[in-house]
Each structure stands twice: as C-alpha cells, then as structure tokens.
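Trainee: Each chain is listed here by its residues.
4 protein chains.
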Amino acid sequence: MDIREELNDFFEESSTEEQDVLKIVLASLKAKRNLHNKTHIGGLLQFETTYIDDKILEMVMPNTPILDNSIGIVHGGLTATLLDTAMGTMASRVPGNKKGAVTVELKVDFLTPGIGEKFTCRAEVVHNGRQLVRMEGKVRNELGNLIASATGTFYKL
Amino acid sequence: MDIREELNDFFEESSTEEQDVLKIVLASLKAKRNLHNKTHIGGLLQFETTYIDDKILEMVMPNTPILDNSIGIVHGGLTATLLDTAMGTMASRVPGNKKGAVTVELKVDFLTPGIGEKFTCRAEVVHNGRQLVRMEGKVRNELGNLIASATGTFYKL
Amino acid sequence: MDIREELNDFFEESSTEEQDVLKIVLASLKAKRNLHNKTHIGGLLQFETTYIDDKILEMVMPNTPILDNSIGIVHGGLTATLLDTAMGTMASRVPGNKKGAVTVELKVDFLTPGIGEKFTCRAEVVHNGRQLVRMEGKVRNELGNLIASATGTFYKL
Amino acid sequence: MDIREELNDFFEESSTEEQDVLKIVLASLKAKRNLHNKTHIGGLLQFETTYIDDKILEMVMPNTPILDNSIGIVHGGLTATLLDTAMGTMASRVPGNKKGAVTVELKVDFLTPGIGEKFTCRAEVVHNGRQLVRMEGKVRNELGNLIASATGTFYKL
Chain A
415 MDIREELNDF FEESSTEEQD VLKIVLASLK AKRNLHNKTH IGGLLQFETT YIDDKILEMV
475 MPNTPILDNS IGIVHGGLTA TLLDTAMGTM ASRVPGNKKG AVTVELKVDF LTPGIGEKFT
535 CRAEVVHNGR QLVRMEGKVR NELGNLIASA TGTFYKL
Chain B
415 MDIREELNDF FEESSTEEQD VLKIVLASLK AKRNLHNKTH IGGLLQFETT YIDDKILEMV
475 MPNTPILDNS IGIVHGGLTA TLLDTAMGTM ASRVPGNKKG AVTVELKVDF LTPGIGEKFT
535 CRAEVVHNGR QLVRMEGKVR NELGNLIASA TGTFYKL
Chain C
415 MDIREELNDF FEESSTEEQD VLKIVLASLK AKRNLHNKTH IGGLLQFETT YIDDKILEMV
475 MPNTPILDNS IGIVHGGLTA TLLDTAMGTM ASRVPGNKKG AVTVELKVDF LTPGIGEKFT
535 CRAEVVHNGR QLVRMEGKVR NELGNLIASA TGTFYKL
Chain D
415 MDIREELNDF FEESSTEEQD VLKIVLASLK AKRNLHNKTH IGGLLQFETT YIDDKILEMV
475 MPNTPILDNS IGIVHGGLTA TLLDTAMGTM ASRVPGNKKG AVTVELKVDF LTPGIGEKFT
535 CRAEVVHNGR QLVRMEGKVR NELGNLIASA TGTFYKL
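Protein chains in written order, with the working numbering: chain A, 415 to 571; chain B, 415 to 571; chain C, 415 to 571; chain D, 415 to 571.
Just chain A, same shape as in the assembly (with noise of 0.2 Å):
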C-alpha cells in the first residue's frame, strides 16, 4: 500500500488530537520547503525566534499534543531541545563568530512542571570567550512561571 493511500485510510478513523498532529506536521513539511526552518524538529515544534540585542534571543514553543510526555507535562527533553536550540542560535550569532557553533556540554534544571500555552525561553550570552560561548537560558510559560533553567557551553567552528 503507498503512503498516500495509508494516510487517507489512516484519516477515517482519525481522532482530532491525531488531526492537529498532523496538521503540525503538514506545516512543518511546508515551512521547511520554503526554508522557513531549518530542521525538521524546530518545524514540528514550531519553534518562533525573536532577537531581542546582540546577546539576547527569546524562542517560543507553542503548546501541542507533540509535547506531551507520559504524564501529561511537557516532555523534558523537548524542553532540553528548546532550550538548546534557543541558546545554540544565539551562540552562533555573537560577533566574530561566523560559522555557527555546536554545543559543548549542556546543563538543565527542572524547576516547575511544563504546563501552559506555550513556553519561551530567554537565551543570553553570559561570556564570549575566543573558541567557548557560555551561555544560559530560562524558560517560562505564559504566566511568567519559570519552568527551568538551563547553561550551555558552545564552540565556535
């Protein structure tokens, strides 16, 4: 059976959690076609950037059926993954760094559980070293409840 034929039986019995599931993902195709994101996993979590100055960046996580880990909370890795991505951008972005930069070692704290509307998280360089970028990152919900907190060490390549 080809995919497009699975998806229209898929369809049938599809519940509305699975529509909005794959209506996120049809976006998310769509975006990265266009080259709106650069990942497949920043579409899928619709990740939005805001820059703030030259060392702050705010990303936001809208809150979706994707999230969800076992208990109805944000899963913490996608926490992990904003936290890293939004901290990873703005380590990429500090003067003299042309190339980008990957992460070194990242350290994330768990402070309240992951409810709300959506999560955006503030991701600031703390020093601009000649190779190292150390950054840290928080995210809140909509409330402004800190969710967790997060350092990041990041190499310039």
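Calculated directly from the structure, the hints in this document are not laboratory data.
Careful, some of the hints might be misleading.
Heads up, simulated BS3-like pairs for lysine-lysine below, C-alpha to C-alpha not over 30 Å straight-line [stated by the list, open to error]:
1) C:LYS552 - A:LYS469
2) B:LYS513 - A:LYS437
3) C:LYS570 - D:LYS444
4) B:LYS452 - A:LYS532
5) C:LYS512 - B:LYS570
6) D:LYS452 - C:LYS532
7) B:LYS444 - A:LYS437
8) B:LYS532 - A:LYS446
9) C:LYS444 - D:LYS444
10) A:LYS513 - B:LYS552
11) D:LYS513 - C:LYS444
12) B:LYS570 - D:LYS552
13) D:LYS452 - D:LYS437
14) B:LYS513 - B:LYS446
15) D:LYS532 - B:LYS469
16) B:LYS452 - A:LYS452
17) C:LYS446 - D:LYS446
18) D:LYS444 - C:LYS446
19) A:LYS552 - B:LYS552
20) C:LYS469 - A:LYS552
21) B:LYS469 - D:LYS444
22) A:LYS570 - B:LYS532
23) D:LYS513 - C:LYS452
24) C:LYS512 - C:LYS444
25) D:LYS513 - D:LYS444
26) A:LYS437 - B:LYS532
27) B:LYS446 - A:LYS446
28) D:LYS452 - C:LYS444
29) B:LYS570 - C:LYS570
30) C:LYS532 - B:LYS513
Rough simulated footprint, nothing fancy, chain D against chain B, three-plus residues with beta-carbon under 8 Å [said to hold, decoys possible]:
31) 461 to 467
32) 520 to 530
33) 539 to 548
Nothing here was measured: the structure is a model prediction, and the numbers come from that model.
We put the beta carbon where it would ideally sit given N, CA and C, even for glycine.
Starting from the known structure of chain A, arrange chains B, C and D on it as the hints suggest.
Mentor: Below, chains B, C and D alone, put in the same frame as chain A:
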C-alpha cells in the same frame, strides 16, 4: 481546505525525504493509537527499549531526517531527549518506585558529532536513594563511538 | 620532636608568605575554638557571611596565598567550595527547613580567571520545593568581574 | 604580639584536634617549601597522586579534621577540590598538551555521605579533543563506596 485535501495536494510535489517523514509520522500515530508508544515524541523518534537487568536498559533511536540539526548531524536536543527518556524510564522502574519519576536535572556532555545509522543509549542506575534516583547514560552509534554522556537526577513520585 | 619545637624551628627560616599562611591558620583555629566558624575550611578560607534577605546571602572569601592554584590564580576547587558553602548555607535557611540541607549536585561554570583581592559569592534561592532547594550562585571579584557561576540542588534533612 | 609568640600562647591550651591541624599545616608548608606540593591547598589536603596509565590517575585525600563540614562529614567543596585537582592534573598531561589546562566547567554529583579514612579519586580522560579535554572522576572511600561522581571540561592552554 480540509487537512486531508491539503495532505493530498502536498503529496503531488513531495520529495522522497518528505515522504519518508510522513511515513514516520503515520507509523508513529498508529503506534500511539495502539498504545505501543506512550508519547508522540517517542513515536516520532521511534524509540525501542530493551531491559537489560534491574539497573540497566538500552533505548535505540534510528537516524531519520527528523533528527537532523541545521548542519546535518543529529540535533543535540534530540540526543538529550533520548538520554532523558532512557534514564527516566529506568529511574521509574527501580525497586520501591511505583508511580514513576520526574527529571530534577540533566547534564549532557556532547563528545563527538552525532553521525551514524542508529544511536543506542545505555542508561544505568548509579544510586537509588529514598527520594532521588541518580542515573547515568551513554549514547553510542552502531560503530560504538561515544557520542554523548549524561547524568541525571530523578525524583520519585 | 614535638610539634611546638618543630613550629619554632620552621619559623627561623620562614618567608613572609609562610608567616602569612601561619597567621591565617592561627586566626582560623581561634575562630573555630570560639565557635565563630563552624568548620576549619571555612576558617582557613576566611569566609564572611552577610544575609541580604530571606532568599539571598553574600559570602566573601579574601584572596590569600592559600587560594592559589599552580598557575597563580584562585584554585577552581576553592571557588567551588565558596559556591557550595554559600548556596548550602542559604539553602539551609529557607522557610520550613529546620535541620539544614546537603548538596545533591553542584555545577560550576568557570568564566574568567580568578584574579582579585576578594571574591564575593551571591547565593540565591531559585526554587524552594517540598524536599529540594534549587540554588544559583555567582562569584565576582572586587571589580565586579564575573569569575564563576553555579547552580546547585540541595536536599532538606 | 608577633606570630611566633601567638602560636606558642595558643599551644598552651590547644586540644589534640587543634594540634593535629597544626601538624598538617606544618607538614604542608614544608612540602610546599621543598616543591613537593605545587599549592598550599594541595598540601593542606595532603593529596597524593599515582599515575595509572596515559588516561587515568588516582589522587588520594586522607580524612583529617580540616575536611569536616558542619555536620561531621567531608565538606562537599573539598570533595569538589579533589575532583577538580585530579581531573585537571590528568587533563594537563594528555598527549599534545604541553602547557596545562584550566577548568571550563565542573559537575559534581554527591551520592553518599563523605565518610571514611581516606578518599581516592580516579580521574579518567573521556575525550581528548583539539582544544578541550573531557574528563570524568569518581571518589570512593577505602571500602569502595562511591561518594561522588563528576565530569569536567578542561581547556588546553
């Protein structure tokens, strides 16, 4: 336009990679529907778990286009998701822990680029305390190269 | 030869730095005897604590020859000792915590070389949970340069 | 009053523990003078190093009154000092590293109370990169109990 029509239209011009992503998504939705996977993200990342003994499990994540970061290697956040899921799953099963465990903190060291066909995380209990479970995890590719190493603290519910 | 004789003999040929170290040791032993310091190491490192409010304290460590690492800057382990002591002291005093707190885990980022006349650690409660206190600490020299930044998790006894 | 007089006066009323501390200090000052120890703190903590192979060393810290925290077990900061010193010493000796290495970041997990007669830190190179050396360290007491586990990132000078 409804989602099914939109999917069919998208399909007309889809690339092989896009069809591969859709196949993964469909398989993941079916697995979730059949309760094989507890979370969408676990399905999308196609985690497969093997329990080695009462302190160790292995969780495999095959490489797919969904995993790529913007420079063609596995996104560090997804390596972190694999580590958090593997360590958290094992921490939830230690003797005396009936209701699962949540991540308190996670530290990931990225050691070599995430290149390979599949990534195997070996998660091991380091210390099972009264309230906290201390874990470590190592991610290797199919050649045995150590890609990432992590520690995590989990709180028993 | 008894210890007093040995000390007197040592003194004959002692350098100014050696006499400075002995002065610190003596002051520290006296402070411990008078219960001003609870630990020898706190005395040797001459920690002085100021409580700012119910979430923040500052602990000062003056630079002395005891602090030097092998390349003439403050030994990272002693910066870590200052951070652990300051964060742990504050974690022991959060509302509802009567019997103190022990360190679960400590993450220290060393940002700039430990140079200066004195080092001030500002320790702050990030989250006071039922069982865990989550802390952060920053160490600056007298010029305000950020030397190290840390997070710590403490377990209420 | 000069320091020698002050020392002699202090001695009159000194307890056995106080005399033990003075003995350690004196031995440490002599070792530093004879270049056996590179740092005062290494002397005060009486570190002894054994090189196992080109990736592993062991560093022993005997338990003395200097190590106690305020609740009668080894101060976590001093366990961190042992770990940082052992990992940093090994990181300074990896092939291709001629001028030493400084600590970028240190993560210590405290697993069981620091009780025992002596503490042995085994430090091992996990990855020797172009610019960074990634290390891990484990501290055990003489019974083999795992007291603390750590990872560290070091920057080659």
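Trainee: Look at each hint and say if it fits the structure.
Mentor: Checked hints:
Distance hint between LYS552 (chain C) and LYS469 (chain A) is fulfilled; the C-alpha atoms sit about 19 Å from each other, no more than 30 Å. Of the pairs offered as hints, the one joining LYS513 (chain B) and LYS437 (chain A) is violated, with about 33 Å between alpha carbons and a cut-off of 30 Å exceeded. As the CA atoms of LYS570 (chain C) and LYS444 (chain D) are separated by approximately 41 Å, the hinted pair breaks the 30 Å bound. Taking the CA atoms of LYS452 (chain B) and LYS532 (chain A), the gap is about 22 Å. The hint holds against a cut of 30 Å.
Between LYS512 (chain C) and LYS570 (chain B) the alpha-carbon distance is near 23 Å, which keeps this suggested pair within the 30 Å criterion. At roughly 22 Å between alpha-carbon atoms, LYS452 (chain D) and LYS532 (chain C) fall within 30 Å of each other, so this suggested pair holds. Distance check on the hinted pair: LYS444 (chain B) and LYS437 (chain A) sit about 16 Å apart at the alpha-carbon level, within 30 Å; holds. Distance restraint check for LYS532 (chain B) and LYS446 (chain A): the Cα-Cα separation of roughly 23 Å lies within the 30 Å cut-off, and the hinted pair is therefore satisfied.
With a CA separation close to 22 Å, the supplied pair LYS444 (chain C) and LYS444 (chain D) stays within the 30 Å bound. A hinted pair counts as satisfied when its Cα atoms are at most 30 Å apart, and LYS513 (chain A) with LYS552 (chain B) qualifies at roughly 28 Å. Of the supplied pair hints, the one linking LYS513 (chain D) and LYS444 (chain C) is violated, its CA atoms being roughly 40 Å apart against a limit of 30 Å. Annotation: proposed proximity of LYS570 (chain B) to LYS552 (chain D) holds, straight-line Cα distance about 25 Å (limit 30 Å).
A distance of roughly 19 Å separates the Cα atoms of LYS452 (chain D) and LYS437 (chain D); the hinted pair therefore holds under the 30 Å criterion. The suggested pairing of LYS513 (chain B) with LYS446 (chain B) holds, with an alpha-carbon distance near 21 Å, which does not exceed 30 Å. With a C-alpha separation of about 28 Å, the suggested pair LYS532 (chain D) and LYS469 (chain B) falls inside the 30 Å cut-off, and the hint holds. For the hint pairing LYS452 (chain B) with LYS452 (chain A), the CA-to-CA distance comes to about 28 Å; that is within 30 Å, so the pair holds.
Taken as a hint, the LYS446 (chain C) and LYS446 (chain D) pair is honoured in the structure, with Cα atoms around 25 Å apart against an allowance of 30 Å. Restraint check for LYS444 (chain D) and LYS446 (chain C): the C-alpha separation of about 24 Å stays at or below 30 Å, so the hint holds. Our distance criterion of 30 Å between C-alpha atoms is met by LYS552 (chain A) and LYS552 (chain B), whose separation comes to about 26 Å. Restraint check for LYS469 (chain C) and LYS552 (chain A): the C-alpha separation of about 19 Å stays at or below 30 Å, so the hint holds.
Distance restraint check for LYS469 (chain B) and LYS444 (chain D): the Cα-Cα separation of roughly 48 Å exceeds the 30 Å cut-off, and the hinted pair is therefore not satisfied. At roughly 27 Å between alpha-carbon atoms, LYS570 (chain A) and LYS532 (chain B) fall within 30 Å of each other, so this suggested pair holds. For the proposed pair LYS513 (chain D) and LYS452 (chain C), the alpha carbon gap of about 39 Å is over 30 Å, so the pair is violated. Distance check on the hinted pair: LYS512 (chain C) and LYS444 (chain C) sit about 28 Å apart at the alpha-carbon level, within 30 Å; holds.
For the suggested pair LYS513 (chain D) and LYS444 (chain D), the alpha carbons sit about 26 Å apart, so the restraint of at most 30 Å is met. Using a Cα cut-off of 30 Å, the hinted pair LYS437 (chain A) and LYS532 (chain B) holds, with the two alpha carbons roughly 28 Å apart. Of the pairs offered as hints, the one joining LYS446 (chain B) and LYS446 (chain A) holds, with about 25 Å between alpha carbons and a cut-off of 30 Å not exceeded. For the given pair, LYS452 (chain D) sits about 27 Å from LYS444 (chain C) by alpha-carbon distance, which is consistent with the 30 Å threshold.
Simply put, LYS570 (chain B) and LYS570 (chain C) have alpha-carbon atoms about 15 Å apart, close enough for the 30 Å limit, and the pair holds. A hinted pair counts as satisfied when its Cα atoms are at most 30 Å apart, and LYS532 (chain C) with LYS513 (chain B) does not qualify at roughly 48 Å. Proximity of the region 461 to 467 of chain B to chain D, defined as three or more residues with a beta carbon under 8 Å from a beta carbon of that chain, is not established by the 0 residues found. Counting residues of the region 520 to 530 of chain B whose C-beta sits closer than 8 Å to any C-beta of chain D gives 4, which meets the bar of three, so the coverage hint holds.
Counting residues of the region 539 to 548 of chain B whose C-beta sits closer than 8 Å to any C-beta of chain D gives 3, which meets the bar of three, so the coverage hint holds.
The structure fails to meet hints 2, 3, 11, 21, 23, 30 and 31 from the earlier list, while all remaining hints are met.
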